Amino acid sequence: MLDALLDNGILVAGLTLVGLSGAFGALLGFAGERFRVEGDPVVERIDALLPQTQCGQCGHPGCRPYAEAIVEGEAINRCPPGGEATIAALADLLGREPLPLDGEAEDTPRVAFIREDECIGCTKCIQACPVDAILGAARHMHTVIAEECTGCDLCVEPCPVDCIDMLPRPAADEAATPLPAGPGHRPVLPTPARDGALIASDREARHG
Amino acid sequence: MVERLDFPGGITPPTRKARATRAPLREAARPARVVLPLAQHAGAPAEPCVRVGQRVRTGEPVARAAGLVSAEVHASVTGRVAALEERPLHDGSRGPCVVIDAEGEDDWWTLPSLDWRATDDDALLARLDASGVVGLGGAAFPAQVKARIRELHEVDTLVVNAAECEPYISADDLLLRHHAAEVLEGARMMARLAGAARILVGIEDDKPEALAALEAALAASGHDDTPAEIRVIATRYPSGGERQLIKRLLGREVPSGGLPADVGAHCHNPGTLRAALAAVRDGRPLVERVVTLTGEALARPGNVVARLGTPIAELLEDAGLARPALHRLVMGGPMMGRALGELDLPVVKATNCLIAATREELPDPPPEQPCIRCGACEEACPAGLLPQQLYWFARGREHDKAERFHLFDCIECGACDYVCPSHIPLAQYFRAGKDAIRARRREAARADHARHRFEFRQARLAREAAEKEARRAARKQAAARPRRRPAGEAQPAEPAADLRGLRIAETAARAAERKAQKALTRAAEGGEQDPAVIADLETQLATARENLQAAEARLQAARDAEEKTP
Chain A
1 MLDALLDNGI LVAGLTLVGL SGAFGALLGF AGERFRVEGD PVVERIDALL
51 PQTQCGQCGH PGCRPYAEAI VEGEAINRCP PGGEATIAAL ADLLGREPLP
101 LDGEAEDTPR VAFIREDECI GCTKCIQACP VDAILGAARH MHTVIAEECT
151 GCDLCVEPCP VDCIDMLPRP AADEAATPLP AGPGHRPVLP TPARDGALIA
201 SDREARHG
Chain B
1 MVERLDFPGG ITPPTRKARA TRAPLREAAR PARVVLPLAQ HAGAPAEPCV
51 RVGQRVRTGE PVARAAGLVS AEVHASVTGR VAALEERPLH DGSRGPCVVI
101 DAEGEDDWWT LPSLDWRATD DDALLARLDA SGVVGLGGAA FPAQVKARIR
151 ELHEVDTLVV NAAECEPYIS ADDLLLRHHA AEVLEGARMM ARLAGAARIL
201 VGIEDDKPEA LAALEAALAA SGHDDTPAEI RVIATRYPSG GERQLIKRLL
251 GREVPSGGLP ADVGAHCHNP GTLRAALAAV RDGRPLVERV VTLTGEALAR
301 PGNVVARLGT PIAELLEDAG LARPALHRLV MGGPMMGRAL GELDLPVVKA
351 TNCLIAATRE ELPDPPPEQP CIRCGACEEA CPAGLLPQQL YWFARGREHD
401 KAERFHLFDC IECGACDYVC PSHIPLAQYF RAGKDAIRAR RREAARADHA
451 RHRFEFRQAR LAREAAEKEA RRAARKQAAA RPRRRPAGEA QPAEPAADLR
501 GLRIAETAAR AAERKAQKAL TRAAEGGEQD PAVIADLETQ LATARENLQA
551 AEARLQAARD AEEKTP
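Which chain is which? The protein sequence lines are A and B, in order.
So that you can map any letter, position 44 of the first sequence is 44 in full-length UniProt numbering, and since no number is skipped, the others follow by simple counting.
So that you can map any letter, position 199 of the second sequence is 199 in full-length UniProt numbering, and since no number is skipped, the others follow by simple counting.
It cannot be assumed that every hint is accurate.
Unchecked claim - Derived DEER-like restraints, expressed as beta-carbon distance ranges: (1) 257/B - 182/A: 28 to 38 Å; (2) 34/A - 226/B: 51 to 61 Å; (3) 147/A - 139/B: 21 to 31 Å; (4) 93/A - 499/B: 37 to 47 Å.
As the list claims (entries may be wrong) - Footprint (simulated), chain B over chain A, 3 or more residues, beta carbon under 8 Å: (5) 130-143; (6) 180-189.
Simulated from the structure, these hints should not be mistaken for lab results.
The structure presented is a predicted model; accordingly, all values stated were derived computationally and were not measured.
Ideal Cβ placement from N, Cα and C applies to all residues, glycine included.
So here's chain A without its partners, still in its complex pose (with noise of 0.2 Å):
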């Protein structure tokens, strides 16, 4: 028996194969249930990608909502606050084509300022902001907690007083070093001494 096995080696090849093939799928089968992924990963990394102003102007309640809906399908040109950068990386990551911006994408990032001898507090921007960055009362005044807004836009509308401003967001502590200017450009260095003025005080104080 095991001869006439041995000697039909075509046969020997096949069973080992049919052998293989079976052992390595139990192996992932039993790998597929032992490890299964909660959740859905891609929707994880969409929302990584996503700005999380959680302003809704993509029309979702939030980046997250927005991001499940992409993997539904949707458009990734939605998010305004993102700009082009954050449609270039989803497309990166989805293999799509990248789309122009559904809207008007906005050049500064913004925070909310609250006029407070204005504000009335009715609570109703409280109640709209995403983030709980509004701090206040009934009947006190409310202020936004200027850390924690992501500039959304969502307590302008509710205000009954029109009393919050969008401002654009104080710049970051550091100051960020220029990139050169490229080839055929001389770099520029501070110099207390150009065009033979004295020092720089006092070539302002000639010239005022």
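Using the hints provided, position chain B relative to the given structure of chain A.
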């Protein structure tokens, strides 16, 4: 062997140190007015603790450290606080400063004198903290934070970084010639704090006088002291970079993204060691430092001990500044220093050198030419990076790739700029790239934090809804019970299955809460420096708690419903 004990690359530019080292160290004239920026160290700016018009004595604190990485600022003259105002700083921005008008002689405010050999570590660290001692080599990192290295790392060697490899600078050289014994004593103290068993002094061979003074001081010291050894190394830039010096002295390579302490070494500048000793032995906070005044535009170059906050213009005038000849003013060395746009700036803790250069001496950089991929920068790079590759990534804003090519291991020494035949300001490209990456990380952290706060709000709303639902169900039950009993209606069987699901949800919520709690504890115990990270973890913990409460409320409501229906 020699190969193994050395860092790759490096350059040997003309040192130009002779002019400033001819004259002995002298005291600068006491200024009539000092300006003390609150952000003159690495980390968070200090918070002022004086009022305008208040009289302060020399050495009295005028601003307290704010946060874990920060340093105190002390009055460097006796006088009245004239103003607390925004003033121009060395990087071209403006920042808060304490301005003091000096009056008469110094009236010292000192802390009690301590003998470091008889004082425990905590008291020494507290003293360093209260004295505002920071690294005087140029980085100005708070010394007490650095001294706490023992809590996290095993250190065997304290390295005294007396290499002073950058051209022009001779502040450490002159300090060692005059105060070598104090530097060694300070090194022993810091070695004990760091838990190091030996001291290694690394000094370049172009400083024979300082070397002689060190050897004399070493010979005079007692036998029971921490063993110290002086190693003379050939002059080559940038052997004063701490990673490069450690490689050269110990043959150990600091890992990418790591600290010298990861390889058991701990590096200090001689000026820092002397200031630390003065803070402990004499109780004198850091109010002065050695500054090299040099450059062709000065008639009397030399090294002076200047009070912090002294106007740069005053120091340079005293050294015979020829204003028409002054073309460029550099704070620090010509390789890594910063060109200053005006003279109306104070000496700060990081001011080790001021170069008043003429046009011939430090000419304007020629226009940048296209990169020809010659690879000269790669041969010069002391960190073993590929500068030309990083240059393309920085120009193309390909930050991911730049990070993968270890942009953050660049020490910005400028050796690549120096050798580049196309005069490309490579180090500036790298600085810009690093800043862009840091800004992006900050934004990403902000977005994450906003997401966590959004999740927290969602969880809170869900919890409130669940509690409301539970109350409503309870009320309904209470109202329905008397009516139901006589009717004897059969209850639907579904709550049992529901209960099981809710119990699982509650357990999962409890586990998530424990996990969030653990993450927060770990971060707090692991010495997390960034308060934003802690705040974010707290938000996540609060979210988990809200979820848990919501799950509990739902479970309780279901249980109540279960009990009341037989």
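Return the numbers of the hints above that this structure violates; sort them in rising order.
none
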